[in-house]
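Take the two lone chains, each set in its own frame, and fit them into one complex as the hints suggest.
Residue numbers (this note's numbering), protein chains in the order written: chain X, 1 to 610; chain H, 1001 to 1602.
The set of hints was computed from the structure by calculation and includes no laboratory data.
Just so we're clear, the structure is a prediction, and the values are computed from it rather than from any experiment.
We put the beta carbon where it would ideally sit given N, CA and C, even for glycine.
No false leads were mixed into what you were given.
Straight-line Cα separation of at most 27 Å, DSS-like style, residue types lysine-lysine; simulated pairs:
1) Lys1257(H) <-> Lys1202(H)
2) Lys1244(H) <-> Lys508(X)
3) Lys112(X) <-> Lys1210(H)
4) Lys1257(H) <-> Lys112(X)
In silico negatives: residues of chain H with every beta carbon more than 12 Å from chain X:
5) His1018
6) Ile1161
7) Thr1382
8) Thr1465
Below, each chain spelled out in residue letters.
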Amino acid sequence: MSENELFELEEEDHTGRLTASTLKRILGLLRPHWRWVVGFLITITATAALDALFTYINRAMIDQGIAGRSIPTLLRYAAYYGGLQLIQAALVFGFIYLAGILGERIQYDIRKALFNHLQELSLSYYSRNAVGRLMARVTSDSGRVSSLMTWGLLDVTWAVVSVIASVVFMVMINWQLALIVFSIIPLLLVIAIHFRKRILAEFRWARRANSQITGEYNQTIQGVLVVKVLGREDENLKDFSRLTDNMFQASYRAAWLSALFLPTVQVISAFALGAIIWYGGLQSLTHSFSVGDLHAFVSYLTFMIWPVQDLARVHAEMQHALASAERIFALLDTPPEVRNRPGAVPAKTLRGVIEFDHVSFAYDDGKPVLHNLTLRVEPGETIAIVGPTGSGKTTLINLLCRFYEPTQGTIRINGRDYREYTLESIHARIGVVLQTPHLFSGTIRENIRYGRLDAADAEIEEAARMAGAHDFILTFEKGYDQEVGEGGNLLSVGQKQLISLARAVLAKPDLFIMDEATSSVDTLTEALIQRGMEALMKGRTSFIIAHRLSTIRRADRILVIRDGRIVETGNHVELLRKRGHYYRLYTQQFLLEQEQRYRLMAAPSTLPAD
Amino acid sequence: MTAMSSSIAYFDFRLAQHRNRLIGLLRMMSGYRLIYLIANITLGLSALAKVATFLLLWRFADTATGAVPPFAGSLHRSLIGFASGFVVLAIVEGGFAFLSSRMAAYAAENIARRLRNFLFDHIQRLPFVYHSHTPTGELIERVTADVDSIRTFFNEQAIGIGQIVILFVVNFLAIWAISWKLALASVAVVPIIVVISAWFFKKIGQAYEKYQEQEAKLSTTLQENLTGVRVVKAFGRQQYEIEKFERENWQKFLRGKKLLQIHSLFWPLSDILCGFQMLTGFIYAGWLIIQGEITLGAYPAYVGLVVWLIWPMRNLGRIIVNTSTGLVSYERIMDIVRQEREPPTEGRVEPAGPVRGKVVFENVSFQYQNGHADAVRNVSFTVDAGQSVALMGPTGSGKTTLVNLLPRLYEYTSGRILLDGIELKDYPRQYLRSQIGIVEQEPFLFSRSIRDNITYGVGRDVSQTEVEEAARAAAIHDTIVSFPQGYNTLVGEKGVTLSGGQRQRIAIARILLKNPRILILDDSTSSVDTETETEIRTALQRLMENRTTFIIAHRIQSVMNADQIVVMDNGQVIQIGTHQELLAQEGMYRRIYEIQTRMEEE
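Pulled out of the complex, with its shape left as it was, chain H reads as follows (with noise of 0.2 Å):
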């Protein structure tokens, strides 16, 4: 579908869908499953390392205290057999242990890294009646926390389950091999260990859940009172925020004290149980070795190998519970995979050039969601190749979702838009797109450069020279050039912040790089100071020259020029006409005309 360069991790994650979702999160591991059963084979041979170091510990200790003969002939000339068999256990078993989470790092890594690509590209290629619908906050969370949930969930849980279950069953083994009635008294309180833990890590998790609420919620208390400060100064307010930051602190520590609390109980009861039933394994085991059924030697032997036991099992609890962290994560994700995209080629028709720029629209209307009202009502006219219509209406009345039809960000749901004469819908999405350009109230700038925020999205090389001539059309190249950093002056957070007019142009200057047939300017002129404005003015008369375009616009001053006025209301089109028609007639347009010549007459 996507023409991919093969140096992009890429997986289509379309195709890691099931309604059960481990086997979902199964089929997301697609390509790395290999190096997972790897990781977990080393895992297994690591931990037999492990426990051969301690079946040698039993072997050196019966053989020190005589219970069995030196192997080489005398304890002494075997001591250095021991010692260095001990070494060399300990970096097959360091050794095993690494390769293995190194392996499982390393799919865990990868598979996060083509998710977060494959969900980027996949949002971006969304329809952008998605986008209107859903808030950005929630989507960054999905993309953000649920991915991290996710890697964990691999990196951490799937491994992290393995290993404790190869640990228990290799060292239950070995304790087998000693004496089975060891064994099996040694796991009695097991079960008991993993349902305690998974009931209180359940509970820990919940008041985290609640702890971390807070602390959101008083770091937006503390947001609002620094960016508001000359609010808050103006009115004296300092008392009231003081108040007001006091509850919620003090909420945050109660919160914060109960987590503790469970921690605080979890903690102490736990180490009792695994204290008990390890001191109950070393009883039993005394009782064995006094009764003659073990030798003193497996005693420290036995003692090793019971840690790896039981300790592990508190964990087990706290890994379970986090797995269906990991579950919802998928389904959360899910929810983004399943939504269908855009596709950006299909059409019948592909004109080798330009368009003309004729647009006409019959009966068009259009609805959000299948039963919403429809924002767009029944509407028709007649743009001509090069003419100008200015859209006008209170706001609500429909007229920005009316030119988002043009590039197709919405799809009309009923009548025909045509553009020189054929249907939109015949137009591969790309091409249409390719022919119209859009400048914002506040036109949105990405946190580059200024130079590669006039050449977004132009999809060629383009030079300085050719950059510089735009900025200039667009009455931005003097202030560009003022800034230390010229063309190379970041936008945003960490760059400079521009102002309103200047943003206008820079989008302006990007239009006129992009060279479209067809122009949207959504109410271009009006959030600028009025300074800048006759520059804009220039800026986008220039801008309009042959080219057909819409402004959508409040002030009459702003619109009384356009070849055509259609006037909106309730996403209907109630009057149209040029200024001096609609001036004549009773209606919207003169009641405007007339409020706003009185706000500036008194």
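Bound-form chain X, shown alone (with noise of 0.2 Å):
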């Protein structure tokens, strides 16, 4: 969450500029709804105009009733101003209600272009970006493009037709007063958007300083473990009370300055209010300068901070909704790298050779990851994949799960390109099962049928029992109605990668795909593990990138994979025999775990004969 709000705060230092272009296209959004913006423009005109209105009916109420001791006259304006009042609350409802209805809708629009673009896109554009980065475009960048286009066209709407209105009606009261007043505006308006963009960036100083603390919180209270066996207490406080002293700072600066903005405008309006009194009190020497204009030109004068206002702060945000409205535009420019080929057909089944032909690869950045990597796998082996970090052990899967594909060189499935096929019927017919595995909220029976949305409970169940993960769901009070929480986190790593597996046996995959976890589990649920992926490997191709001697030695085939290259195949016995790399890797990796346990073999004879 603090990881969100960082890159949120990084973004907003970036402003965008009004370009014709991002104009066509954020108005593009509005197209589909224009009836709505039609409605919310003229409800919007209209409610201001009223305004305006309102004290010009005043000042006839005093200038003709009241002065005129009419009190007909002063009824039937009052019943003017009443009317209108019930008019203008109509047109109220008709702008909050189109306005911000519109606002929800337009966001619901982009939220929804962007997640289903985002579903299109490849793996790689998921690589160069940070899933903070891509949060931040579809929650606030969305909503600060939406509430531009409905709230902030209101605002800028209302505040020009009050300015407009209200000098119309000075001047058809008294032109040279009106000159007094409108010679501020232009003033107001530099002093309003000047503090606007001061707070707005104390704001953000806040809003960084404010986060930092959350993070700080956060990080203290998960580790308070370290914390409190190292005992390091009094030196967090000092360091975070120098957090809290920079929040301190940020947020009373921008509170004092917002509280210095009122006052600093009413003051310069007192001198045209002044102004107003000493040149409106010489006319009323020649009687053209009545009490009700007097109350006109005082009501106007004031009433000019708020459009001022407005029009400041939309200018300030509009800078910044331009520059998400950008982000915005060019994820959904982005076009996904790995997609159907013209005239791409369905596979029917992977179940067949499978060839890697002289296949290259290397990421945006240009550097190579695998090197003209030949392989011919037939149909049922299973092969494990060893190699130190960062050698193309997972590249080679992403590829091989079309993640990717091949810069250089081509890969067969029953003997055809794999680019031949569609997406869907290849992924349709692969099982992976990921290191980290990986849940979405819901229940764990949702969770397995992830793999096949038809399958029936009771398949799901005959998964779960394959996998080896029936016992323990069992053991859950509501079995396989228990929610597994946020990411699968209200479960044990172990209970995981059990029910990762009864997903991909759901799947009946042709072709099944694993990454061994290296973390540890108990050695039952271990057990249960091999267990599950011995159910899995059974009569179809699988490819492991393995981590356990118990997965590497039974396999059908090793791959040494070292620098992107396949250096050696053939299985445990034959590379053992070659003293290469696997030989060297395999002393080296499990000398230890080797010679102890040779050496309880050795023990006296308590050994089980197995």
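Encoded structure:
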């Protein structure tokens, strides 16, 4: 959470410029809902005009009704006033309803478009963009753009119409005085914009400090055992108080800057008021300035603060909203790198020979990861892939799953370039178990069903049995309907692995791909996982990135990968005989393990006859 | 209690506890009450200046219409006086208003700052048992969102209510000065406005909460989809995910619509109420003028004043509703404040030097909470100084709980644990913990530089040479210098992502610097890529030399060299002995051994 916030803050520092093409695309978002837009623009325009008209009516009430000592006239104007009040209330209802709901709707549209597009984008896009950044695009950028297009547009319309209407009425009353009021508007606007920018900047500092505080709370609470055992409480508090000091500085400054704005503007208007009093007073000697005029000018003048403030706010927010819009459009414009070729056909089965024909691969940065890889796998074979971190094991798997496609060379399934098949048909026949199992919020049943959506409950249980997950699932009070929590965090690592195995079993894949977990689980769970893997490997081609000796030995063939090349292949015994890379890796990695085991074997006759 | 350097804004909020939440909040203000009082007085002065502006307007209008004679002989000459009067009053009004807000913000931000500091300190000093029972998310929610609503309470609500009340009183009195009948006629609907807006804002608050809930749900759906992109793609579940997101997204739209419907009813409705109240006042004022009871010049002043009588009332409704949020937050924060801290220095015996490291467990039992089953039951065994003991057993058998008793992260409920012949409870926690080092299964690193993580909690200045020495001994130095920023590389979100093995070796370097007599290794080798296992093993062996070591492990290979192996199940010790001895017995150890051997053999 705090990570996402950091991304947001970082990006908020960027401001966008209004270019014709961005503007066109933003307006394009409004097009499907143009009736709503026209509706709220009309209602807000009428509302603003009425605001100015009320003062004008009040002036008539004073000069013709009250000063004219005519109660019927007074009541007549009052009736106008009241009637218009009712109309304005209806208009207010209209624009809040229209603009507000339209804002929600546009946000909904943007989010939908972004999410749908994200589903199509290739894995390479995800490896270039942190999840936090993508989250910010969908959650906050969409909000900022939709609110600019509705409330922002509405505020600007209201402000502009209000100013124009007020000026028109003022000119109708007394053009000299109107000039005085009109002349201070630019000054007010400049000051307001300046204030807004400063205040916005301070608030951003405060938010930054706040997210640092949250982050510090978070890690201290999560690492409280370390804090306690290392006795670091006093120093921690000292470090933390620096963060709260920053927060204090920023939010205190933001608060008093905000508090300074209104008085400043009011003092400036007071000079204008003084001028009106003086000039109007002079005119009153010639009876060309009435009490109604006085009232009208005082009202228009004090009212002017609000449109000015609104304009300044929208101006400040617009730049950030434009930057958000640019980021949103950039995401939507990114084409997926891996997609169906024209004329691609569904693969009927993946049970067949799989060939890597001189396959090379490099990520975007141009750094080659796999070099000229050639490999032929017979149906039903189990392939174990071993090698040091960064040697290209995961890339190999990613190519096989067609998360990426080779930069050079071809991967053939059943003798046909796999790019001639549709992506969906390949993915529908692959079962994948990842190193860190990923589950979704929901029940255990829902998570297993992810493997095959139309599976019946009985099939789910059968898959769980085969994967060795059934027994522990039944220990839960709600059994298969147990909630797994966000990301499955209510379950242990071992339990998550078993469920992801069951999910892959249910998919009945033609091809099984597994990145074996390195994290520790207790022996019984470990044994269950091994059994589940066996169930999956039986009768189907399997690729396993292996860490456990038992898995490696069970494989029909071992690929030793180093620096993106297959340096050795063969089964365990063959490779050991070669005394090459595998032998070295094996002796280094498993030496201790083995030595100790042989020592055990030699230990007094307590060994089981296995 | 805590040695606090004077530069840290700190206040013991345990003094702010009270049954009555309002009194409790008042106590939280301790030290800033005077500033608050002055802020309110200044606010009053500002309101007086505002009212004076309208009274001056009244006087001016009367003068201009000839109802009263000009104060400076001629109208012409008086005009300058009137004009500058308005400017001066505006400056006075604005100046005081600014001062008042500034003081209120100062007080509120200070209260929030010391509350944050206090809570941070308090939480890290609460017993570990509290942490193991409280979800992090919930605690974070309280120290961020609830502290923020307390801050809002002091910054906006406490001063806001004062502002509205003062404005109301002063403006009401000013209108009263024009005509008492007019004053009474101007406030008829005020109570209704307050009640209606309070009711609406309550509804709005509820709808908003539902809206936010859905936003959170949507965000979880999104996050799970993005982090699980490989699973989504591998199973080809894009369409399914799109439908799932669509459901949540649409639901969010509906809740937003609901929220806006309430808004779109409230604002025009309250507009009508306020507008008609004003209109009634206008008509009545006009009638009074025509009757000759008040002058025509009073009218513009009245219109100016009555605005400040009516419109703020909508806000009052909102503030009253929001105040309840502040009260709830007070309660939620006090739930944390009420928890007892562990006293760090309390204890009878504090040896000058390090302990030797002989540990004796005598019939030790522990339960997390009264009435719960014992997590550790009747455990007895002895570890000589410098010896190693391995703990084995299934998940949940009580191994980790048992070792957590040593640094007194948990307090055993019965029996005794003796360290060098003295019971643990007699050592001050601070001293005891300085003698013990823990390497966790998944070591926790802080998002600071690698160097800061290695020197974390050493409690003295450490030279770079020393840090590097420790890192070398932990077999992590080469990795660290391979990063562009070397030891200054940041760990975590904004820096490098370290592998499990790298994290572990940094944790080992940290312990090497701390140099404790007793070591606890929680499954330290099994979560590591096999390639690095050898390096870690070497580092660990270096670490274990001459220290009493407790090892928790799942794999036979990791425990067989220990001087003593303790097998636990269900909180009890079921087997104890050396590897050879345990293999010779029928029992769990041999069963685990057999399973592991079979897994390797197949």
